[in-house]
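The residues making up each chain are set out below.
Protein chains: 4
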Amino acid sequence: MLTEIKGLNEECGVFGIWGHEKAAEITYYGLHALQHRGQEGAGVVTSDGETLKVHKGLGLVNDVFKQAEFSDLSGHAAVGHVRYPTQGDGGIDNVQPLLFRSQTGSMALAHNGNIMNAYKLRGELEREGSILQTTSDTEVLAHLIKRNRKTSTVESMKDALQEIIGAYAFAILKEDKMYVALDPRGLRPLSIGKLGDAYVVSSETCAFDIIGATFEREVLPGELITISDDGIETTRFALREPRNMCAMEYVYFSRPDSDLNHVNVHASRKRMGIELAKESPVEADVVTGVPDSSISAAIGYAEQSGIPYELGLIKNRYVGRTFIQPSQELREQGVKMKLSPVRGIVDGKRVVMIDDSIVRGTTSKRIVRMLKEAGAKEVHVRIASPPIENPCYYGIDISTREELIAANNSVDEICDLIGADSVAYLSTDGLENAIVKDKTINQGICNACFTGNYPVSEDKQASISYTRS
Amino acid sequence: MLTEIKGLNEECGVFGIWGHEKAAEITYYGLHALQHRGQEGAGVVTSDGETLKVHKGLGLVNDVFKQAEFSDLSGHAAVGHVRYPTQGDGGIDNVQPLLFRSQTGSMALAHNGNIMNAYKLRGELEREGSILQTTSDTEVLAHLIKRNRKTSTVESMKDALQEIIGAYAFAILKEDKMYVALDPRGLRPLSIGKLGDAYVVSSETCAFDIIGATFEREVLPGELITISDDGIETTRFALREPRNMCAMEYVYFSRPDSDLNHVNVHASRKRMGIELAKESPVEADVVTGVPDSSISAAIGYAEQSGIPYELGLIKNRYVGRTFIQPSQELREQGVKMKLSPVRGIVDGKRVVMIDDSIVRGTTSKRIVRMLKEAGAKEVHVRIASPPIENPCYYGIDISTREELIAANNSVDEICDLIGADSVAYLSTDGLENAIVKDKTINQGICNACFTGNYPVSEDKQASISYTRS
Amino acid sequence: MLTEIKGLNEECGVFGIWGHEKAAEITYYGLHALQHRGQEGAGVVTSDGETLKVHKGLGLVNDVFKQAEFSDLSGHAAVGHVRYPTQGDGGIDNVQPLLFRSQTGSMALAHNGNIMNAYKLRGELEREGSILQTTSDTEVLAHLIKRNRKTSTVESMKDALQEIIGAYAFAILKEDKMYVALDPRGLRPLSIGKLGDAYVVSSETCAFDIIGATFEREVLPGELITISDDGIETTRFALREPRNMCAMEYVYFSRPDSDLNHVNVHASRKRMGIELAKESPVEADVVTGVPDSSISAAIGYAEQSGIPYELGLIKNRYVGRTFIQPSQELREQGVKMKLSPVRGIVDGKRVVMIDDSIVRGTTSKRIVRMLKEAGAKEVHVRIASPPIENPCYYGIDISTREELIAANNSVDEICDLIGADSVAYLSTDGLENAIVKDKTINQGICNACFTGNYPVSEDKQASISYTRS
Amino acid sequence: MLTEIKGLNEECGVFGIWGHEKAAEITYYGLHALQHRGQEGAGVVTSDGETLKVHKGLGLVNDVFKQAEFSDLSGHAAVGHVRYPTQGDGGIDNVQPLLFRSQTGSMALAHNGNIMNAYKLRGELEREGSILQTTSDTEVLAHLIKRNRKTSTVESMKDALQEIIGAYAFAILKEDKMYVALDPRGLRPLSIGKLGDAYVVSSETCAFDIIGATFEREVLPGELITISDDGIETTRFALREPRNMCAMEYVYFSRPDSDLNHVNVHASRKRMGIELAKESPVEADVVTGVPDSSISAAIGYAEQSGIPYELGLIKNRYVGRTFIQPSQELREQGVKMKLSPVRGIVDGKRVVMIDDSIVRGTTSKRIVRMLKEAGAKEVHVRIASPPIENPCYYGIDISTREELIAANNSVDEICDLIGADSVAYLSTDGLENAIVKDKTINQGICNACFTGNYPVSEDKQASISYTRS
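Protein chains in written order, with my numbering: chain A, 4 to 472; chain D, 4 to 472; chain C, 4 to 472; chain E, 4 to 472.
Just to be clear, a hint being listed does not mean it is correct.
Given that identical chains are not distinguished, each listed pair holds provided it fits within a single copy or across any two copies.
Calculated cross-link-like contacts (lysine-lysine; reagent style DSSO-like; alpha-carbon spacing at most 30 Å) [to be verified]:
(1) Lys177 to Lys153
(2) Lys59 to Lys281
(3) Lys69 to Lys153
(4) Lys56 to Lys339
To be clear, the hints were calculated from the coordinates, so they are not data collected in a lab.
Next up, chain A with everything else stripped away, as it sits in the complex (with noise of 0.2 Å):
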């Protein structure tokens, strides 16, 4: 729903346990929590040590597990996965844990992040006589493990691993252990917990909170970790490289109360609100943010600036997947769709209105309009986070320049499109300072989408045949 916002979409979210009577019913909280991060699809793949079962489906976790199925997957270990719509390649059969099945095995597969040479990779394979069921490239290591005739899953994983560039936090369930994995920058946010006895994985650590479980520590960035019956086991497939989390993970994906890298994701983003506040003050009434993801930002804004926060926006809570969009001719009357400006709070009233990144612009645009509309006689955009100017190939879904407002115009004129005030952003540096504890212990950002410094030099090679995908 606010991805609808703001079109601007992530890849997924993961979720694991091993060693829980409830495992199915446990995941299903967990991917409530991860719920965010995909709409598209959701799946539960378990296994009792001696089968997999699977069940999943198009639509929110809600849909898919409208009745109770969880007598059908019973067992003490299972992943489960979020998906977000991509376009073109939706159905169900792309809808994750991916499930492969031999006469010597199972595996099951969930993925956030992007392979970026799965073209490449998944024509080598087909040339030797694979045939690929999926469009996803999650099934890519799938056949590549399983073609690698290596005597330990382990040292097939490694070297599977070690064939793809990219983004990537797996988690892989088999009948008597679990895999997990992180890409050797550790792009993608992966933690592991603990919930009893029982281990449990997930992209974001609010999900541990919605079950009970504690923090045990973040999956490391080249790190293959191996959960069974008998413990956890670690090992490496990549050298150590310095980490770069993926910045918009603070600013704008990550639930306000997930902690990444340890740091709590509402205190950066209020932060971000604090640093903007010093960077680009203003003359006003009221402070307001566009729910959800910007409300903590205007929070700090406010409290730095000392003018009041109010909610001069209001999110409908109820518009789902099935909302019937107003024709062109009803929005031209006014009827709005997600969101409306409260009158009686900016009507007459200067008004900075926070927003955690612009993307295309037309979203601004159009809430700017809103507040000028019900009265607002000034409205001054802050934006807590530095302008995006680059694509990504990390497994956001920020597609061309050209569709970027930044990447085509000054401030300025982005203050003109979208019929501001005035705008101004948030600095690369004030982001940094209010995402990064502690910049000696080589734990960075990914910025690469506002300042065009991508942390792995093959991937503008690898680009290419991605887009070719």
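Got chain A sorted already, so can you dock chains D, C and E onto it with the hints?
Below, chains D, C and E alone, put in the same frame as chain A:
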């Protein structure tokens, strides 16, 4: 959803429009804005001047109108309704608007409120040979109007309205006219707006903002308004009495972007928080509100006290009607349903937790425990309204005194029961100060649930038969 | 399905049971047996002695009771109904049994037939202040009973039944009793059986066989029967008149395994075929029937004529309600919908094609063409009933004279129109010989659609208002 | 439905078309005609020359294509499939056609039959690194073709077909060509027709009649046919062997209006009845058949014996997949599910009951009891095929010898077990006489289930691995 957290429910939302070629679609968007007033069912009846057409169903507005059914709902006038889940008498038959056809014309009724003498009136009608189809008190009004043989419809309606006792806001649609009526004390909200040349009616003004309409005026207590192609005509069926708008509409039910009696709901809630901070200050590190209805008061409390407002509790957005509730066993293991605490915010802190009201206390107790388990050193509960000690006979589902924690316990006892470090409620004066702008203009509130001062003397009497129904 | 082929429809099927602990389930199986009488909707109302419970829906019995809903339909008594799709007034509201609740008790009505003066009676009721909920003529009877202030229910019912004119078989359920009634001429079938100690009522006896009940007797014309825990009581609301059971029940509507007036339907159809072979023999190689309703007559024709009976036409069993009709273009290319000819049987042969009746002639024309395209040298059409020349006012949907091919064309013209080599109909004497076993016992048939001799004199009059409804 | 009565199931039906602009729609109607061959699932894959498009689902053809999805299935070529419910491996993944995509082109497979060495081949493929997605034996063929590196597709297919052992009829669609193949003994039926300029393929010829196509010829055993815009080309992948068409196709599976090997199924069944009357006459009053598959034989028996054919058993047409089965208790009380006896026909009569075959005997026992309870004085069971004493490895679900009543009991014992007054089976010679028109043209039948003479020598061997799958 929110309603499930609170255990406090209202009867419904009413919407109507006259003179717009897309009457059904506009009503769909209007009902969206009123969705928080009822999630059990929704319906729309349109008139094209010759016949009335109906579509209704169980579920959210989105579910009921999944595919665009608007082509089947032609006409320039419509009334719509959202319904809240009452006990026992659910089912499609009771979903409104109720539609009654006859050889001489049809009539559709949409109603928010409670007719206290419905059981008695129903018995009288049946003894005279009438067959009632639903268990809804709304149907009684239709029969009273139909039985009445006054020459004009307006006179029949006035007679019928004088027979009923209670709190109500009605919208009635016939082929050629729409009628709206409000009870003599104005306990329920109902406003009139304009959308171009069309007239619109809505339980709350937030629906006007969403469809791009402008607010005109409130329907007055005891007023019966006729809207047709000839414009708007008004008459009275009851003497002018002091208005007593339900205080809980401000405290909890209405959307923050609505204005009731010219008072913005968010602003009144923020003032409740400010009053509360003045009356019951406390030393603490963070202020947090129980989402969504207490956020405004929490911001007010923070602003007044100087303690930072933080996102200490987060609500699961995707928890819908079909959500599979965790078993008792999983709840005890810590699986949360709708709210989670944000450990990164509350850990090690003294927390002021603002809630709008307490009904049974079970939710408050759960939230306090959650916060403590997430590391809160102290939890000071501040309630932005007075203790609820009395049942409501006017359409709000505050069932019996036995279930009301404040009817049976002192504030100190409540503090013990919910495990807080301190508890304080807003005073009735504080509440009135926050809501009523100008006491001289005969505009009061009904605060019977706090004080026991029921605004209408017959009501206690009538309530006897009420409890029998 | 069959109904779609024929374009000839009846009103419904009625089932009831008193005194069986699985009343709802038995009714479900009973309605299955009556499914051919109505495929638009189905419903069951049960009584547990204290309250009536209802479940109904649109679609086949299977669809309406998809999951076992029987636990919600407790009680030792039930009435059920299947409904056929009438024009315009479909929808769930008209699905029977209609259930009316009041503070002094409830009443459920299931009806097969047509109340000819319903429009007039409805107008009178509305002028007196009643509100009718459906467009069903069945509801009128409920209001007539309720309006009537006789001290006993039976007396109220007798009065009410005397006000209505038409053809009808009613089953009415109250908390403590079941009532069944048949119109004064006995135009529609209705029988009573026993299942252990329980009483059962059904439009057709085939339902008794399916549930393992034994036939007791037919309900008599003008009889009102009361069934309760005290047993069965009978009274009359009309003078004894000669019975005129609808001939089309034998010819087309009823199931071949039902007995009507002690005459088995299959056997009567076979005799129609035998009579037809005697009256209109022809030299040919094979006899074939249009499935399913003409199979019995075809076997009779073959047996009498000595010409072998063969499967020259086959019906597609899986063509259901949701079948996607072939476009005009595909139909012209030869795509068949419901019937196909068996080329291996008819190629090069002279075929006698037996059909039970012809309404508009379009289906007959299509079948003759099919047979010729499959190679038939000659097609001799033999119709096992007389020409239908008159509309029916008693519940069979033979709409207007204009549409009836036999009302506007001679047999020779019909032969030309449908492209047959010869056409012959059964005579009315032949039909009566085939159906009526013993003419001395006052048991006749209604053959008004063939002869224009309507059995009740008021009916022409009443039909004027009928056509206005 | 019938299949449920019988407990005897086949694997599927295959349909294909090349060169028609409404390929998907024609396939829909073709699959309707083949619906009796499989009710678990259905699917269609089309080619527009560039890409393959797919739609499939669980349920009847009607359910799977509820709304017209044909606009999404553009293309001038299509293959379709109906599937029967096998044990354990249900689910959408196994619904055919199976579609395999690769960067160099796609391939869809539809299959009727059974690959006996599938388990062994699957193991070999997996050991070489292939991942198979389904548990369907059909997928094995796709991998064998893909693994094979022959320069032409036809050569790859020939190699792959030579590796598989069993009974099969395949239709394979690629972007630019359709391939059809039949096993070396021709155990399963597969025919080719023309619809204007388009080629059509179908498991049974009844589909040709329904779509208005004309029969061209049967696919020959061991033949691989390529259909494209260049016309039709044929090659062989196996030496010419005597054909052994499955006898049960004539006895039970195929539709009576289909021709197999130029023999009409209804006609062959009628001849079985005639032969049976010659071999095993009996004195009786009526002949009746178990609907639907035994009607033709019953008519033959009646014609030959001079005993009248009557409708002594009737089938419930509306008993679908979702039918709620009566509980044991209700069944004992006499509630019938799918068949009812017609008391008016059988009461007091000596009945010859014709059935096509007996598998376990439970259904026969129930029907005999039914007839006796309906008053039949004697019931003489005559079976229009020999006793089934052996399992089938060629795609018919005659599971194990243990379940076959005729494998473990003499005819006299069977007579006792099912409670008949006499039982007689058709002889194998009688069966062959009824089916085979001209024994000189190398056209035989497979009667292994009656005789144990399996037509292929390797089959016993292969069946060992088969039973392990």
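Exercise for the section: Since the copies are identical, ignore which copy is meant and state whether Lys59 and Lys281 lie within 30 Å (CA to CA) inside a copy, between copies, both or neither. Expected result: Neither way: Lys59 and Lys281 sit 48 Å apart in one copy and 53 Å across, limit 30 Å.
Handout entry: Identical-chain pair category, Lys56 with Lys339, by Cα at 30 Å
Key = Classified as between; 26 Å across copies, 44 Å inside a copy.
Practice task
Please work out whether the CA atoms of Lys69 and Lys153 approach to 30 Å or closer within one copy, between two copies, in both situations, or in neither?
Solution key: Close neither inside one copy (42 Å) nor across copies (49 Å); limit 30 Å.
Exercise for the section: Evaluate Lys177 and Lys153 at a C-alpha cut-off of 30 Å and name the case that applies: within, between, both or neither. Expected result: For Lys177 and Lys153, the Cα distance is within 30 Å only inside one copy (17 Å; across copies 35 Å).
Checked against the numbered hints given earlier, this structure breaks hints 2 and 3; the rest are met.
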